[in-house]
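Engineer: Sequence:
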Amino acid sequence: MKPILTYIAFIAIVVGLGMFSGLVNPPGDWYATLEKPFFNPPAWLFGPVWTALYVMIGIAGARMWLKAPASAAMQVWFGQLVLNLLWSPAFFRLQSPALGLMVVLSMLMAVIAFIVLARRIDRAASYLFLPYAAWVGFAALLNLSILILN
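Every number in the working numbering is 73 more than the matching position in the sequence shown, counting from 1.
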């Protein structure tokens, strides 16, 4: 497969799966009734932020796939994607901030592991995960705050 097709495939799959997960696991009325911390971002911000992050996740995955498809970094990349896709059902569908927190903390560990493992293979792929790590860290704090407040 030509490299450009690999990039297109990874970006399309990651963005598509992320959008699908969001559509089938919407926040809904339950989330609207929860007490939220003062630093809770406005709802309109989540879509653009996650779209940009999903593109970066896709690019990082494609870079790693092209350089080291059987590496530990690539395995962790797939693992973090699974955890990412599990958070919305855990938090919103099951209405469980506690389960959501376990998933998001696991995801944060996987994202950090990818950054460390990828750095030895492709620094750019590693750097592409830095904003993702920051956002997932923020999401973990937000998730924890919602758990405590409710």
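Calculated directly from the structure, the hints in this document are not laboratory data.
Mixed in with the good hints, there may be bad ones.
What the hints assert, rightly or not - Ranges between beta-carbon positions, derived for each pair:
hint	residue 1	residue 2	range
1	Arg-166	Gly-89	35 to 41 Å
2	Pro-162	Leu-139	14 to 20 Å
3	Phe-111	Ser-169	29 to 35 Å
4	Ala-197	Gln-168	19 to 25 Å
5	Leu-139	Val-97	27 to 33 Å
6	Ala-145	Pro-100	20 to 26 Å
7	Thr-106	Pro-142	16 to 22 Å
8	Arg-193	Ser-169	18 to 24 Å
9	Pro-99	Ala-207	33 to 39 Å
10	Leu-220	Lys-140	20 to 26 Å
11	Phe-112	Met-182	41 to 47 Å
12	Met-182	Lys-109	20 to 26 Å
13	Met-92	Met-175	22 to 28 Å
14	Pro-110	Pro-162	21 to 27 Å
Glycine residues also receive a C-beta, built at the ideal position from the N, C-alpha and C atoms.
Engineer: So, for every hint listed, does it hold in this structure?
Structural biologist: Comparing the hints with the structure gives:
no., hint, in the structure
1, Arg-166 - Gly-89: 35 to 41 Å, "violated, 19 Å"
2, Pro-162 - Leu-139: 14 to 20 Å, "violated, 31 Å"
3, Phe-111 - Ser-169: 29 to 35 Å, "violated, 23 Å"
4, Ala-197 - Gln-168: 19 to 25 Å, "violated, 39 Å"
5, Leu-139 - Val-97: 27 to 33 Å, "holds, 31 Å"
6, Ala-145 - Pro-100: 20 to 26 Å, "violated, 35 Å"
7, Thr-106 - Pro-142: 16 to 22 Å, "violated, 45 Å"
8, Arg-193 - Ser-169: 18 to 24 Å, "violated, 36 Å"
9, Pro-99 - Ala-207: 33 to 39 Å, "violated, 25 Å"
10, Leu-220 - Lys-140: 20 to 26 Å, "violated, 39 Å"
11, Phe-112 - Met-182: 41 to 47 Å, "violated, 23 Å"
12, Met-182 - Lys-109: 20 to 26 Å, "holds, 25 Å"
13, Met-92 - Met-175: 22 to 28 Å, "holds, 24 Å"
14, Pro-110 - Pro-162: 21 to 27 Å, "holds, 23 Å"
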